[in-house]
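Undergrad: This is what each chain is made of:
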Amino acid sequence: EDKVVQSPLSLVVHEGDTVTLNCSYEVTNFRSLLWYKQEKKAPTFLFMLTSSGIEKKSGRLSSILDKKELFSILNITATQTGDSAVYLCAVRAGTYKYIFGTGTRLKVLA
Amino acid sequence: EPEVTQTPSHQVTQMGQEVILRCVPISNHLYFYWYRQILGQKVEFLVSFYNNEISEKSEIFDDQFSVERPDGSNFTLKIRSTKLEDSAMYFCASSEAGGIVNTEAFFGQGTRLTVV
Chain G
1 EDKVVQSPLS LVVHEGDTVT LNCSYEVTNF RSLLWYKQEK KAPTFLFMLT SSGIEKKSGR
61 LSSILDKKEL FSILNITATQ TGDSAVYLCA VRAGTYKYIF GTGTRLKVLA
Chain C
1 EPEVTQTPSH QVTQMGQEVI LRCVPISNHL YFYWYRQILG QKVEFLVSFY NNEISEKSEI
61 FDDQFSVERP DGSNFTLKIR STKLEDSAMY FCASSEAGGI VNTEAFFGQG TRLTVV
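Those protein sequences? They're chains G and C, same order as listed. The opening residue of the first sequence carries number 1 in this note's numbering; numbering runs sequentially from there. The opening residue of the second sequence carries number 1 in this note's numbering; numbering runs sequentially from there.
These are calculated hints, taken from the structure and not from any lab test. One or more hints might be untrue.
Claimed, not checked - Distance windows between CB atoms, simulated:
#1 C/THR5 to G/LYS107: 28 to 34 Å
#2 G/VAL12 to C/ASN52: 43 to 49 Å
#3 C/GLN14 to G/GLU1: 30 to 36 Å
#4 G/ALA110 to C/ASN52: 48 to 54 Å
Quick reminder that beta carbons are idealized off the backbone N, C-alpha and C, glycines included.
Construct the entire structure; sequences and hints are all you get.
TA: Structure (C-alpha cells):
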C-alpha cells in the first residue's frame with residue numbers, strides 16, 4: 001500500500017528559529033513530491049520536486065528530495081509567526097492521484 | 001491569479017439526503033480531483049477525472065459517490081445518500097497536466113459538509 005509519513009507531527013518554535021520538516025514515502029510508480037502549506041482551509045502549493053539532490057528555494061523556504069532514500073525535507077529559516085500552519089507532503093503516485101501525509105503542525109511563537 | 005472556486009463553503013444536510021458539491025477548476029486545466037479531509041485527519045484522495053471520465057478512484061469513492069462535468073466549467077461531486085461519516089471538508093483540485101507530465105495541483109477553499 002502506498003504511504004507517505006511526515007515527522008514530526010507537531011512542532012513549536014520561537015521566531016527566528018530554523019526548522020526542518022521530514023517526509024518519507026513508499027509508493028509504486030513515483031512521479032513527484034509536493035509540499036503544501038495549509039493555514040485555514042485550502043492547501044497552497046509550495047514546491048514540486050522530481051529530481052534527487054536539486055534544491056528548490058523560495059525566500060526562507062527550501063526543499064530537497066532524495067529518491068534513493070525515499071524522503072524529502074522542507075527547511076524554513078528565520079521562522080516568523082506567519083509560518084504557523086500545517087505543512088503537507090504529497091506524493092504523486094501513478095498518473096492520477098496525489099497521496100498526502102498526515103502533515104506537520106508548526107506553531108511559531110513571537 | 002486563477003484559482004479553483006468551490007460552492008457552497010459550508011453545507012449542512014440531513015442523513016440520507018443527496019448533496020451536490022460544486023467546483024469551478026482553473027480554466028485551462030484538464031485534470032480534476034476531489035479530496036476530503038475529516039476533521040483532524042489527513043487529506044484523502046477520492047477521485048480523479050480527465051477527458052470526461054474517471055481516471056482513478058479510491059476505495060472511499062463507492063457507489064454513493066459520483067462526479068460529473070455538466071458543462072465546460074463546472075465539476076461536481078454528488079453524494080446520493082449521505083451518512084454521518086461523510087462529514088468532512090471536501091476539496092476540489094485541478095492540474096494543467098497529468099499522466100507522465102509532472103505538474104502541481106491547485107486546491108479550492110473547500111466545502112465543509114456536515115451531516116446531521
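Undergrad: Hints first: check each against the structure and report whether it holds.
TA: A quick look at each hint next to the structure:
For C/THR5 and G/LYS107, the Cβ-Cβ distance of about 30 Å falls inside the hinted range of 28 to 34 Å, so the restraint holds. Separation of G/VAL12 from C/ASN52 is about 47 Å and conforms to the stated range, judged on CB atoms against 43 to 49 Å. At about 35 Å, the CB distance of C/GLN14 to G/GLU1 agrees with the hint of 30 to 36 Å. The hinted window of 48 to 54 Å between G/ALA110 and C/ASN52 holds, with their beta carbons roughly 50 Å apart.
In summary, this structure violates none of the numbered hints.
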